[in-house]
Amino acid sequence: MGQKLPDIHKDALAPIDMVRYSGASGDFNEIHTVPKVARKKGLKEPIVHGMLLMGWAAEAIEEWLPNRKLAKFTVRFVGMAHAGEAFVIEGMLTTDNAGELQIKDASGTGKLMGSFELV
Amino acid sequence: MEQEFHYAPFRVEAGKVREFARAIGLKNPVYFDRQAALDAGYRDIPAPPTYTTVIDFWNERDFYQLFSQWGLDPNDILHGEQSFEYGEDIISGDVITAKAVMIGRFDKKDKRFYQLETTYRNQDAEVVRIGRATLIERREQHGAEIAGHS
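Chains as they are written, first to last, in UniProt numbering: chain A, 1 to 119; chain B, 1 to 150.
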């Protein structure tokens with residue numbers, strides 16, 4: 001059994017937060033920001049950039065383990081995330097140098113599952 | 001199958017790092033304050049762990065050109081998996097070059113999966129990151145067109 005890390009709670013994103021991430025990252029795929037395009041692609045509404053969730057996961061690791069550096073970091077985007085949903089990041093250290101984490105919504109549905117190794 | 005894409009050399013800038021860090025909600029002062037970065041042992045402001053997205057998308061030869069070269073519509077593509085191996089730090093002022101290679105492609109049900117490996121090097125030719133992405137395309141929209149490329 002590993003060592004549980006404290007849960008990190010994330011406030012719900014507003015659509016403008018996805019616009020801001022689009023501009024900052026340069027990923028302007030419209031399924032993240034334009035409802036009409038998202039619907040045309042069979043989505044009920046714009047979806048959060050996977051790499052924004054991975055950025056949150058990276059922030060969580062820095063918060064849990066300050067002054068440690070990543071050697072490897074792998075995630076699977078297991079569910080689509082949307083504006084207006086609050087999320088929790090759960091993590092666990094499996095060894096001194098490795099861990100796992102998940103991002104879930106309030107109902108417990110997974111959005112991201114990841115693992116990491118530290119230098 | 002052997003498909004390669006070369007991004008243009010990309011200079012890492014502290015202001016862009018700050019903007020990206022703020023958009024994600026990063027809190028570590030090393031991304032915002034040069035003195036904090038120096039105190040933490042960096043040469044200058046470092047790039048966050050997922051910063052290569054900026055190198056891919058804000059590039060003179062960007063990810064959209066890669067999609068176009070490979071016959072993909074970005075709005076049809078979902079990001080399934082992403083991994084990074086970390087080498088030397090990426091630091092503001094560095095000039096990063098990157099080469100993407102399609103290392104796998106397979107179909108499962110009505111979806112086509114692409115596996116993309118991108119190696120990023122700094123101005124001293126040191127590997128700073130290796131990124132591996134699995135991209136998922138819903139095939140019914142572009143299956144015929146893609147088949148024409150294979």
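None of these hints come from the bench; they were simulated from the model.
The model shown is predicted, which means the values in this text are computed figures rather than measured ones.
Heads up, some of the hints might be wrong.
What the hints assert, rightly or not - Heads up, simulated DSS-like pairs for lysine-lysine below, C-alpha to C-alpha not over 25 Å straight-line:
(1) A/K41 / B/K111
(2) B/K109 / A/K40
(3) B/K27 / A/K72
(4) B/K99 / A/K40
(5) A/K44 / A/K104
(6) A/K44 / B/K27
(7) B/K27 / A/K10
(8) B/K111 / A/K40
(9) B/K99 / A/K72
(10) A/K41 / B/K27
(11) A/K10 / B/K109
(12) A/K72 / B/K109
(13) B/K16 / A/K44
(14) A/K41 / B/K109
(15) B/K111 / A/K69
(16) A/K4 / A/K104
(17) A/K69 / B/K27
(18) A/K104 / B/K27
(19) B/K111 / A/K36
(20) B/K99 / A/K44
(21) A/K104 / A/K72
(22) B/K27 / A/K4
Said to hold, decoys possible - To be clear about the criterion: a stretch of chain A counts as covered by chain B if any three or more of its residues have a C-beta under 8 Å from a C-beta of chain B, and this derived list gives those stretches:
(23) 16-23
(24) 67-81
Virtual Cβ for every residue (Gly too), placed ideally from N, Cα, C.
inquiry  = I'd like to know which numbered hints this structure contradicts. Please list them from smallest to largest.
reply    = Checked against the structure, the hints that fail are numbers 4, 6, 10, 11, 12, 13, 15 and 20, while the rest are satisfied.
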